[in-house]
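Given next are the chains, with one letter for each unit.
Number of protein chains: 2
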Amino acid sequence: MSDVSQFDIASLAKKARQASPVVAQLTTTQKNNILMAMAAKVRAEKSMLIGENSKDIDAGKSKGLTDAMLDRLLLTDARIEGIAGAIEEIVALADPVGSVSGLKKRPNGIEVGKMRIPLGVIAMIYEARPNVTAEAAALCLKSGNAVILRGGSEAVHSNRAISNLWHQVLQDFAIPTEIITIVPNTDRNVITELLTLNEYIDLVIPRGGEALIRYVSDNSRIPVIQHYKGVCHLYIDNDADLGQAIEILVNGKTQRPSACNAIETLLVHSDIAATFLPNAAQALAPFAVKVHSCEQSSQYFDNAELATEDDYHAEYLAQEVAVRVVSDFDSAIAHIQQYSSDHTEVIVTQNYQRSREFIRRINSSVVMVNASSRFSDGGELGLGSEIGISTSKLHAFGPMGLQALTTEKFIVYGDGQVRS
Amino acid sequence: MSDVSQFDIASLAKKARQASPVVAQLTTTQKNNILMAMAAKVRAEKSMLIGENSKDIDAGKSKGLTDAMLDRLLLTDARIEGIAGAIEEIVALADPVGSVSGLKKRPNGIEVGKMRIPLGVIAMIYEARPNVTAEAAALCLKSGNAVILRGGSEAVHSNRAISNLWHQVLQDFAIPTEIITIVPNTDRNVITELLTLNEYIDLVIPRGGEALIRYVSDNSRIPVIQHYKGVCHLYIDNDADLGQAIEILVNGKTQRPSACNAIETLLVHSDIAATFLPNAAQALAPFAVKVHSCEQSSQYFDNAELATEDDYHAEYLAQEVAVRVVSDFDSAIAHIQQYSSDHTEVIVTQNYQRSREFIRRINSSVVMVNASSRFSDGGELGLGSEIGISTSKLHAFGPMGLQALTTEKFIVYGDGQVRS
Chain A
34 MSDVSQFDIA SLAKKARQAS PVVAQLTTTQ KNNILMAMAA KVRAEKSMLI GENSKDIDAG
94 KSKGLTDAML DRLLLTDARI EGIAGAIEEI VALADPVGSV SGLKKRPNGI EVGKMRIPLG
154 VIAMIYEARP NVTAEAAALC LKSGNAVILR GGSEAVHSNR AISNLWHQVL QDFAIPTEII
214 TIVPNTDRNV ITELLTLNEY IDLVIPRGGE ALIRYVSDNS RIPVIQHYKG VCHLYIDNDA
274 DLGQAIEILV NGKTQRPSAC NAIETLLVHS DIAATFLPNA AQALAPFAVK VHSCEQSSQY
334 FDNAELATED DYHAEYLAQE VAVRVVSDFD SAIAHIQQYS SDHTEVIVTQ NYQRSREFIR
394 RINSSVVMVN ASSRFSDGGE LGLGSEIGIS TSKLHAFGPM GLQALTTEKF IVYGDGQVRS
Chain B
34 MSDVSQFDIA SLAKKARQAS PVVAQLTTTQ KNNILMAMAA KVRAEKSMLI GENSKDIDAG
94 KSKGLTDAML DRLLLTDARI EGIAGAIEEI VALADPVGSV SGLKKRPNGI EVGKMRIPLG
154 VIAMIYEARP NVTAEAAALC LKSGNAVILR GGSEAVHSNR AISNLWHQVL QDFAIPTEII
214 TIVPNTDRNV ITELLTLNEY IDLVIPRGGE ALIRYVSDNS RIPVIQHYKG VCHLYIDNDA
274 DLGQAIEILV NGKTQRPSAC NAIETLLVHS DIAATFLPNA AQALAPFAVK VHSCEQSSQY
334 FDNAELATED DYHAEYLAQE VAVRVVSDFD SAIAHIQQYS SDHTEVIVTQ NYQRSREFIR
394 RINSSVVMVN ASSRFSDGGE LGLGSEIGIS TSKLHAFGPM GLQALTTEKF IVYGDGQVRS
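So the protein sequences, as listed, match chains A and B.
Heads up: the first sequence begins at 34 in the numbering used here, then just goes up one per residue.
Heads up: the second sequence begins at 34 in the numbering used here, then just goes up one per residue.
Where hints are given, some of them may not hold.
Any copy will do: because identical chains look the same in the list, a pair fits if it lies in one copy or spans two.
Stated by the list, open to error - Quick list of in silico lysine-lysine cross-link-like pairs, DSBU-like style, CA-CA up to 35 Å: (1) LYS323 / LYS262; (2) LYS442 / LYS137; (3) LYS137 / LYS147; (4) LYS88 / LYS47; (5) LYS94 / LYS74; (6) LYS138 / LYS442; (7) LYS323 / LYS442; (8) LYS262 / LYS138; (9) LYS262 / LYS137; (10) LYS442 / LYS147; (11) LYS48 / LYS79; (12) LYS262 / LYS147; (13) LYS88 / LYS147.
Simulated from the structure, these hints should not be mistaken for lab results.
Whole structure, please, built from the sequences with the hints as guidance.
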């Protein structure tokens, strides 16, 4: 079986590569028409999708998936409408492919510029949520890329059903169905083999837990967009507007603690600790936020535990926060540089000089002054739909929209020039 | 010994990482002052450099290096002046670090933009030429990156001498010398270990033969800029200006055949084959260019051999060319898509529609109309000094200047906004 599956994935990937020039050359209108047809098809086939999804839910229950996992797997009328709506939002996004920038004349008369082009073939490796099968494929299509989707075994019926809809739509438009390929085999071996196919695949985007991302990064010969975790810091400066600081803390920590852009560590300048921390404790109390405090801050919180080194590295993803009093601005910067996951860091200050220094000295993917870390998201930052968040610096850094699925080639217009 | 060297490289890389925020925060003036001091130091220490280099040359002769390899290794007065001049050219380049683009106000009033920042720590793995030790380090410094340089064993004395000059200059400016690190150990094991240090190193750039690049790509957990080879195509359209076509062919093939941007395959539209190819044969004859022709074109060349499949994949790097007559424009596109190394492709045509189609449909890193492939080079395209050429699409594609050694983070300016 192993040999068969290995043969299959290479052959699927090769077909995706061969079909990729077709999707790369579609006009924006053609791509939008396909997406609109898919949105309509998803709505029309709602009961079929719910029927197929119920097979996954039943299997998940008998396999003992947690309620949280079953919930992520579940398709409802509202969620299917959400998928159709998400595809329509992608229609509304500007098409990055073909745009030319920086066309300049060189001294010898040749004109040199850059044109944005698709990457080619993108592989998505992801876990439970079946909406990825619809939305990631739509983003890849809009950016002119072929896509290979390898979802988890829990969602196999749902993913196959969505993939069938894609293929029906593509056939209606006489487009090769290989530009959207679902890997039917959910063995781990298939991922291992897929990650060697750098001849056919240009980029791998894993979406899921840290173990999956680490496995993909450690075993891939294809470039990988990595998003390990978000240990986001909020630093309250001695010149902060303390009312703003409380709002930004409460929003960042409690509004959706399971999100990677939630605050995990609060740093407070020692000059304002005695004023700010009692208010912070009071504001967090209604959300039953568990506090891991440094020695100086523990007096302000009921039932605080002393923070360990592990707490400063922790992505709690829960109503839980590490709190540390720092002696000055430089100590805050040093703490962030030591423990940062390169995701999102926020300063609250009314000091002009320190707002500039924070922006300049902190090189995480999103750096903010006086705003909630919860804005660190493709939609909120104005990119439109997001295909992932990169916390490594190569190619893309931070929330990734359509443009992160493209690259630029050089274009040269001459009149017969040769090099002397 | 192996354990010791492994310990050393990880510890060197960790120190480079720790020092990297210092170089990231230097102002353009500070960086330029350091570079000017290095250029002066290189000139002042010319005889020391030539003395150290002669040790490498002597060792190379007794190891039986070829004349070509010895020539690449050799430092002369003129070449040392060339190194100093190259560093001064980097001073003149615009500093990409800190520039902000696309700052826009979102509906909730936050302002979102992107700021260009250094990658962090870059490792260069390269072979003979000692000028890389000076020039690559200068490019990394100007772009705010720490660099780890691992040159070949043939150049060990020359590289150490140049590295000592760097460290003297950095000490004069009270900058940690760890921002420019030369790996003293030239075992292959050290490369293998270095390629696992993704905790400390952000990018690896190998420069050298295909075997080195493949080894690095296959074994690296760190993103790698790949440049395998340049199989550059020149397509002469039926609407070409045939005088231009001859000049572009002769320049592209013969001016510097050892360069990766030299033409390796000539494609000719069948309608003009009988007019163009006799002239091409005559124009190439003085350069004794060996021709591997298709059946249709063999009649026009003396001593042509029939081209095999291997010839269409070949990067000759010599006065040697594959020639193929194609029945139409689409066949030319299909040939290029099948055999392209994604480096550089050229069309010669006076046809408006086909010039546009060629630019749109060919997704190699540099695509040209009516100009010599020899312009596919950082300097000629206006990037200034080049640190390498990427033939893979992620992060950078084509000739890489200073900007390719940086990335962008998101910056957000708010007034206390929180997410609802």
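May I ask which of the numbered hints given earlier this structure violates, with the numbers listed in increasing order?
-> 13
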